[in-house]
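Undergrad: Sequence:
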Amino acid sequence: MALRLFDSLSRELRELQPSLPDGIYRFYNCGPTVYAPAHIGNFRTFVVNDVIRRLLELAFGATRVRHVRNLTDVDDKTIRRAREENRTLADVTQQWTAKFHADCDALNCLRPHAEPTATGHITEQVDMIDTLMQKGNAYRAADGSVYFKVTSFAQYGTLSRVKERELQIGSALSGKSAAADADEKEDVSDFALWKAYKAEDGANGWESPWGRGRPGWHIECSAMSKKHLGPTIDLHTGGVDLLFPHHENEIAQSECCNGTPFSRHWYHSEHLLVDGKKMSKSLGNLYTLDDLIAKGVTPMALRYALLTGHPRKQLNFTLDSLHAAEKALTTLRHYRANLPISGGDARALAAFFTMLEDDLNTPGALGALFTLVNRGVSDRGVDVAAFDRAMFALGLKLDGPAAPPAATPAAITALAVQRWAAKQAKDFAAADALRKEIAAAGWTMLDRKDGYSLEPAKK
RNA sequence: GGCGCGGUAGCCAAGUGGUAAGGCCGAGGUCUGCAAAACCUCUAUGCGUCGGUUCAAUUCCGACCCGCGCCUCCA
1 MALRLFDSLS RELRELQPSL PDGIYRFYNC GPTVYAPAHI GNFRTFVVND VIRRLLELAF
61 GATRVRHVRN LTDVDDKTIR RAREENRTLA DVTQQWTAKF HADCDALNCL RPHAEPTATG
121 HITEQVDMID TLMQKGNAYR AADGSVYFKV TSFAQYGTLS RVKERELQIG SALSGKSAAA
181 DADEKEDVSD FALWKAYKAE DGANGWESPW GRGRPGWHIE CSAMSKKHLG PTIDLHTGGV
241 DLLFPHHENE IAQSECCNGT PFSRHWYHSE HLLVDGKKMS KSLGNLYTLD DLIAKGVTPM
301 ALRYALLTGH PRKQLNFTLD SLHAAEKALT TLRHYRANLP ISGGDARALA AFFTMLEDDL
361 NTPGALGALF TLVNRGVSDR GVDVAAFDRA MFALGLKLDG PAAPPAATPA AITALAVQRW
421 AAKQAKDFAA ADALRKEIAA AGWTMLDRKD GYSLEPAKK
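In terms of the numbering used here, the first sequence opens at residue 1 and continues consecutively.
Source of the hints: derived by calculation from the structure; they are not laboratory data. Hints may contain errors.
Stated by the list, open to error - In silico PhoX-like links for lysine-lysine, alpha-carbon gap of 25 Å or less:
| # | residue 1 | residue 2 |
| --- | --- | --- |
| 1 | K185 | K198 |
| 2 | K77 | K313 |
| 3 | K313 | K278 |
| 4 | K426 | K436 |
| 5 | K313 | K277 |
| 6 | K436 | K423 |
| 7 | K227 | K135 |
| 8 | K327 | K313 |
| 9 | K426 | K449 |
| 10 | K77 | K135 |
| 11 | K281 | K327 |
| 12 | K397 | K99 |
| 13 | K77 | K198 |
| 14 | K449 | K423 |
| 15 | K281 | K295 |
| 16 | K397 | K295 |
| 17 | K295 | K327 |
| 18 | K327 | K449 |
| 19 | K135 | K149 |
| 20 | K149 | K185 |
| 21 | K313 | K281 |
| 22 | K77 | K185 |
| 23 | K99 | K278 |
| 24 | K295 | K99 |
| 25 | K278 | K77 |
| 26 | K198 | K149 |
These numbers come from a predicted model, not from an experiment.
Taking the hints into account, I'd like the entire structure generated from these sequences.
TA: Next up, the structure:
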């Protein structure tokens with residue numbers, strides 16, 4: 001199985017292969033900033049990365065993949081949140097880390113093998129900055145902050161083609177630079193490795209050779225990927241918005257510090273749009289997992305919906321897509337229930353896996369899957385084991401009810417008992433009247449041969 | 001302004017130089033007293049517009065129109 005992914009650096013499809021003799025594939029995925037619940041756009045990226053993780057496990061074996069995803073637990077936003085809520089930084093970030101984990105679990109994302117935090121790796125970051133200072137790639141400004149000197153790294157901008165943008169950087173910044181850059185940078189493109197302590201940082205400062213302060217954002221990924229995966233990693237991923245400046249800056253820091261290539265492969269997933277626009281609070285189109293659960297949506301339906309678009313294409317999310325997802329999952333669940341346990345042919349799902357291995361074509365894979373489903377369970381080839389392998393790849397969990405059971409009010413139960421009795425007595429007029437009454441109360445009575453069940457009416 | 005991505009049926013969305021996967025919705029049917037579920041069947045002569053290349057273009061090239069993203073800390 002040859003897994004190929006688009007590489008943002010070379011801009012071509014490239015096969016994934018471990019580079020070191022130990023055969024371990026080193027995969028680093030930029031994680032969340034833990035100051036608020038993640039939104040479904042964030043989860044698109046994490047679900048896509050989870051599929052990559054799963055395909056890597058299928059390709060190389062579960063023990064031959066090392067997946068690291070960081071938690072950004074110190075930055076402007078986390079500090080501001082702690083200050084606003086009059087809590088410690090750790091208190092705030094632990095709360096949102098726990099929430100992030102719970103959401104990821106609900107979405108059936110495999111836990112990374114390591115989830116390093118920025119505050120847990122201050123020493124590693126300081127060491128790296130120190131090396132950059134010694135090598136002349138960084139300088140300490142008058143305010144005590146340390147900046148990376150972009151002009152010291154000739155290849156700066158290769159990933160994001162920043163050189164092509166250079167002519168316009170001045171004008172793009174002209175509007176806001178005056179206010180934003182009250183600091184002491186030598187060049188507007190230079191970025192902070194270490195940020196000097198300010199009063200609003202409160203208790204959140206660490207000692208360093210350059211004085212009290214805190215690490216800049218980019219350096220954490222360079223330091224933590226190096227510690228947990230080594231100086232050269234096999235794959236580095238994130239959302240497209242991280243391509244510049246975050247990933248560009250990581251490359252500069254890491255390669256100048258280590259003297260070796262930083263990542264052999266870069267992959268960026270596209271944004272989820274809602275109502276045709278990027279999600280934002282001001283547009284009122286930002287959803288969290290809990291927002292959707294409150295609407296009766298299951299996490300698996302969200303996961304499915306997030307996989308219906310090609311990961312490298314913007315996906316316009318709609319609430320309708322969740323209904324479609326829920327129905328599709330029901331079909332898959334039913335199909336699986338009627339599948340033979342064994343005796344199938346592993347090649348039956350070849351088309352499905354070919355789609356996934358070809359640059360993670362999840363919508364194409366789902367299409368291939370349903371083509372199979374439409375041929376029926378009697379079609380030779382697919383058995384439960386083969387089907388479950390496909391479900392594993394996509395991370396779709398089909399067990400459990402489609403919707404969480406809701407407590408039935410006693411009044412509704414009483415009506416149902418009456419109606420069932422009327423039906424048994426073949427008093428269909430009364431039975432129909434009671435069905436209407438139950439429906440009017442917002443419930444649906446489902447008859448079976450030997451009994452019935454009640455569930456909340458679908459909106 | 002620069003860089004990048006996209007415009008395929010009512011909605012979502014794959015794909016290919018040789019005549020359009022799949023999901024949802026909708027329609028019809030089987031089954032069920034009814035309803036629901038499940039299952040079966042059907043649903044784009046068309047792929048933003050205009051040119052060009054070609055025996056053949058939705059697929060390649062050019063122009064144009066429209067939408068979206070990024071351009072210093074947003075997945």
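Undergrad: It remains to establish, for every hint, whether it holds in the given structure.
TA: Each hint tested on the structure:
Of the supplied pair hints, the one linking K185 and K198 holds, its CA atoms being roughly 17 Å apart against a limit of 25 Å. In summary, the hint linking K77 to K313 is not supported, as the alpha carbons are separated by about 29 Å, beyond the 25 Å threshold. Straight-line distance between C-alpha atoms of K313 and K278 comes to about 13 Å, which keeps the hinted pair within the 25 Å bound. This hinted pair checks out: K426 and K436 have alpha carbons roughly 17 Å apart, not beyond 25 Å.
Straight-line distance between C-alpha atoms of K313 and K277 comes to about 14 Å, which keeps the hinted pair within the 25 Å bound. For the hint pairing K436 with K423, the CA-to-CA distance comes to about 14 Å; that is within 25 Å, so the pair holds. Among the hinted pairs, K227 with K135 is consistent with the structure: their alpha-carbon atoms are about 20 Å apart, no more than 25 Å. Distance check on the hinted pair: K327 and K313 sit about 24 Å apart at the alpha-carbon level, within 25 Å; holds.
Annotation: proposed proximity of K426 to K449 holds, straight-line Cα distance about 14 Å (limit 25 Å). With a CA separation close to 31 Å, the supplied pair K77 and K135 exceeds the 25 Å bound. A distance of roughly 30 Å separates the Cα atoms of K281 and K327; the hinted pair therefore is violated under the 25 Å criterion. The hinted pair formed by K397 and K99 meets the criterion: a straight-line CA distance of about 20 Å does not exceed 25 Å.
Restraint check for K77 and K198: the C-alpha separation of about 14 Å stays at or below 25 Å, so the hint holds. Between K449 and K423 the CA atoms are separated by roughly 12 Å; this keeps the pair inside 25 Å, and the hint holds. Using a Cα cut-off of 25 Å, the hinted pair K281 and K295 holds, with the two alpha carbons roughly 19 Å apart. This hinted pair checks out: K397 and K295 have alpha carbons roughly 20 Å apart, not beyond 25 Å.
Between the alpha carbons of K295 and K327 the distance comes to roughly 16 Å, so the proposed pair stays at or under 25 Å and holds. Annotation: proposed proximity of K327 to K449 holds, straight-line Cα distance about 24 Å (limit 25 Å). About 11 Å separates the Cα atoms of K135 and K149, which keeps this hinted pair within 25 Å; it holds. Straight-line distance between C-alpha atoms of K149 and K185 comes to about 9 Å, which keeps the hinted pair within the 25 Å bound.
Only pairs whose Cα atoms come within 25 Å are accepted, and K313 paired with K281 is accepted, the gap being roughly 22 Å. The suggested pairing of K77 with K185 holds, with an alpha-carbon distance near 22 Å, which does not exceed 25 Å. Between K99 and K278 the CA atoms are separated by roughly 23 Å; this keeps the pair inside 25 Å, and the hint holds. Straight-line distance between C-alpha atoms of K295 and K99 comes to about 19 Å, which keeps the hinted pair within the 25 Å bound.
Taking the CA atoms of K278 and K77, the gap is about 20 Å. The hint holds against a cut of 25 Å. A C-alpha spacing of about 22 Å is found between K198 and K149, which places the hinted pair at or below 25 Å, so the restraint holds.
Hint violations for this structure: numbers 2, 10, 11, all remaining hints satisfied.
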